[in-house]
Amino acid sequence: MSERSITSRMGRGLAAAIGDGLAAPIGAGFAAAIGHASGRTGRHFAVAAFAIALGVSIAGSATAQVPYERLVAADSEPESWLTYSGNYASHRFSALDQINTGNVADLRVIWAYQMDEGLIETTPIVADGIMYVTEPPSTVAALDARTGKRLWKWTPQMGSNVLHIGFPQVNRGVAILDSTLYVGTLNAHLVALDARSGAIRWDVEVADNAIGFSLTLAPLALDGKIIVGVSGAEAGVRGFIDAYDPETGDLVWRTYTIPAPGEFGSDTWGGNSWETGGGSTWLTGSYDPELDLLYWPIGNPAPDWNGDLRPGDNLYTDCLLALDPDTGEIVWWFQFTPHDTHDWDANQIQVLVDAEWEGEPRKLVVTANRNAFYYVLDRETGEFLHGTAYSKQTWAEGLDENGRPIVIPGTEPTEGGNLVWPSLQGAANWFSPSYSPLTGLFYQPTRIMGAIYYKAEVEYEPGQPFYGGGEQALRGEEASGAVKALDVLTGELKWEFELQSPPWAGVMATAGNLVFGGSNEGNIFALNAETGEPLWNFQAGGAVRSGPMAYEIDGQQRIVNSAGGTMFVFGLGSGAGSADGGPAKDDGPLPES
Amino acid sequence: MRIAKTTWLLLALTLFPARAAAQDPGDAAPGLDVADHPRAERLYRAHCARCHGVQGLGGEGPELARLVLPRVADQTQLELIIRYGIPGTGMPGARTTILDDDAVSLVASYVLWLGAQTTADVSGVTGDAGRGRDLYWSAGDCASCHIAAGRGTAVGPELTAIGLRRGADYLREALRTPAARLPIARSGSRSGFFEYLPVRIVTRGGDVYNGMRMNEDSFTIQLMTLSGFLVSLQKKEIAEMEKRVGHSLMPIAQDLSDADIEDLVAYLTTLGRGS
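Chains Y and G supply the protein sequences, listed in that same order.
Counted from 1, the first sequence has number 106 at position 106 by my numbering; the numbering is strictly sequential.
Add 1000 to the 1-based position in the second sequence for my numbering, that's all there is to it.
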């Protein structure tokens, strides 16, 4: 923990007074105060301590807990995890190194948290000793990051007829800004919650769920703006990216991903197909504060598998957009898969890397796309610099000098079925890659799977599936997966760790020279970041579908990943309740929400 | 340790070449009006196929084209699952705005129809089931590796209801050339993977294990050995591992005449059929 963060936290006053009184260790937020109070002085004192903590926080509510300045400097406080991907550059890299190649074999569960039923795709946020998670379908919970004990829980009332066409009832996490959390809901609302209590500050309807809009992504908090995207291309929505005022919930700007007639790119849509053209925006983007550019990946055109209904390149589907975060203006765009007929959304994490390119320092954005190609772009201009296949694909001969795929004829879906790699879920998907500045490697969980693609007639009906076909994926022994380590500049394979089946879980590299990941078979594991050698494995008993993250509390590094219906927090030593982990017990009278 | 996969791919393509386009109205499921079949298929493809596959062979969701669905005792139960989903899984409930009750019923019928297409064809049975039963339980020695009706030893697949799932042609082939087809797991985390896959393992310590894979992940593998022991091994302790795709541990019935085999086929097709 750096001096700066200690000072700033103590200055924030949240737990400082209590902490001093109880001789609590530094850092911490009020979870630490609760833990020490209950452990050392018993139940009654814990109540008092909590009341004081609340009192302090209410009195100090004008003091921002996580201002933009902390978000933009997230790399300087690795004990926290302040955004979905860990930093604005979306590295999903932890600079913590207490857990390393030498001791990771001793990693064990410190605490676990069982979530509401459903698939867990969340990445927790950890700030000042509190962990904020989402549970299926759109619930938010705040946990004591030391013990896992819940502080509050908020569940939206969404009614019984919430639509989610083309994806399961999932949520990938919250954003935090100042003292407020922001969560998108399955019924397409954006809700601001008081971080200390879970009370609603505001609730706005982003779009109409009745025609297929949903929010499953973790919002992205910028300076004075909350950015969200929508799901719904499989229902034939017209996608967009929104920016909201964090204080009021007012819409600041909306940028549609499908141009209307007369706008640039409208000639890439035949007839009225733009109206139901898809292009959803359902995964969190990245941000470069120096260039002041927001990078947002765009989803597939609709209908998915019948391209006859939408002749043209179908901008800006399957694109990466660079936007001015103040206005939403599109500064540049790059399309990975023009006129996509395989459902290959570009909704993968866009990783910002500063590196030397052909002898010159250059600002890059790299991504392993669902279409099985790895791309290196200049993130100031969108210029295509390099691309190469990183997984099995049978649809393109390669990329031309502008990065446009050279499509092999006859690889489109047909009525009788056409076998193509990768499958509709792609070689990559929403699950996170990781970039380690220490190894210079880009770690990509990779799906190696083909599918027989079918085309069918379809007519748009509001609030109904708008697919125009389907697939029958190969499976079992016929498909597989891997964690691939690619040279970040060339996409060249450095090593790969084989998985039994195509994964749905993200990875995280750490300064401990480790890469953490997960498998469908229930493994939560750690690999040597330089060699791929497996060093640790925990059989969690359920499929892993989320991205790992790390934080530190009481000087102890923690690794978090979820499997089945449970989130697991791992660490070294004996953890919560021990001498080195602090005398935290679970018997304190915490409030029920 | 990667397996050559071409064989299985070709098998999959040849086994199900026309399933996706199957439209023979004469095959419509009981309770599914012939005239409704195309609409039922459209509904299935629109609402179910993204996860369960156009052919019902599974994908992100489990295989539906099978005779027995683990959670489904009858059509009503299937309709309830379609309407309300399966909590804790990716299976959503169909909102009333998406599928009305009539549409739910049609989809359920279509799913059951997909399963019914896998019903074993026993039309080619020529042998004597009584003789086959005697052979099975005596000279054939089948019970030393298979459990049927509670009796026998579980090395190979349980045969208690094999007559429902496998037709005469399949059984004949399984007896003559056991390696021609390995069963494929139909549900759970192993869905789509070979079952009874023969594996030979040599550990770093020099121990040799021959058996059938029961489960596997990236770090461990679980076997039933030929001598009936359950073994779980860490892959880091394994020096050599050979997955023998295209092989079966079932012995070829060399001592059996063609007539014997027909009798065994006749007996096996009765198992699970209540006779």
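None of these hints come from the bench; they were simulated from the model.
Heads up, the beta-carbon is just placed ideally off N, CA and C, and yes, glycines get one too.
It is possible that part of the hints are untrue.
[To be verified] If you want the ones that stay clear, here's a sample from chain G, every Cβ over 10 Å from chain Y, calculated:
1) 1054
2) 1057
3) 1059
4) 1098
5) 1150
6) 1184
[As the list claims (entries may be wrong)] Residues from chain Y that face chain G, not an exhaustive set, calculated with beta carbons under 7 Å:
7) 155
8) 157
9) 158
10) 161
11) 189
12) 289
13) 462
14) 463
15) 476
16) 487
17) 490
18) 493
19) 496
20) 519
21) 541
**Message:** Checking hints one by one. Is residue 189(Y) an interface residue toward chain G, by the C-beta closer than 7 Å rule?
**Reply:** 17 Å, violated
**Item:** residue 496(Y) as an interface hint toward chain G, with CB separation required under 7 Å
**Value:** This interface hint is violated because 11 Å lies over the 7 Å limit.
**Non-interface claim for residue 1057(G) versus chain Y (Cβ beyond 10 Å)** = Per Cβ check, residue 1057(G) is inside 10 Å of chain Y; nearest 6 Å; violated.
**Prompt:** Is the hint on residue 161(Y) kept, meaning its closest Cβ partner in chain G is under 7 Å away?
**Reply:** 4 Å, holds
**Request:** Would you check whether residue 462(Y) satisfies its interface hint, that is, whether its CB is within less than 7 Å of any CB in chain G?
**Result:** 10 Å, violated
**Item:** Consistency of the no-contact label for residue 1184(G), given chain Y and a CB cut of 10 Å
**Value:** Not fine: 6 Å to the nearest Cβ puts residue 1184(G) too close to chain Y.
**Asked** Does residue 490(Y) pass the interface hint, meaning its C-beta sits closer than 7 Å to a C-beta of chain G?
**Response** Violated, about 24 Å.
**Prompt:** If you take the shortest Cβ to Cβ gap from residue 519(Y) to chain G, is it below 7 Å?
**Reply:** It holds, given that the least Cβ distance between residue 519(Y) and chain G is near 6 Å, below 7 Å.
**Prompt:** How about residue 158(Y): closest beta carbon in chain G under 7 Å, or not?
**Reply:** Violated, about 11 Å.
**Message:** So, as I understand it, the hint says residue 493(Y) touches chain G; can you test that by seeing if any CB pair is closer than 7 Å?
**Reply:** At about 15 Å, which exceeds the 7 Å cut-off, the nearest Cβ of chain G leaves the hint on residue 493(Y) violated.
**residue 476(Y) as chain G interface residue, shortest Cβ-Cβ below 7 Å** = At 3 Å from the nearest chain G Cβ, residue 476(Y) passes the 7 Å test, so the hint holds.
**Prompt:** With a cut-off of 7 Å, does the beta carbon of residue 155(Y) approach a beta carbon of chain G closely enough for the hint to hold?
**Reply:** 15 Å, violated
Checked against the numbered hints above, the structure violates hints 1, 2, 3, 4, 6, 7, 8, 9, 11, 12, 13, 16, 17, 18, 19 and 21; every other hint is satisfied.
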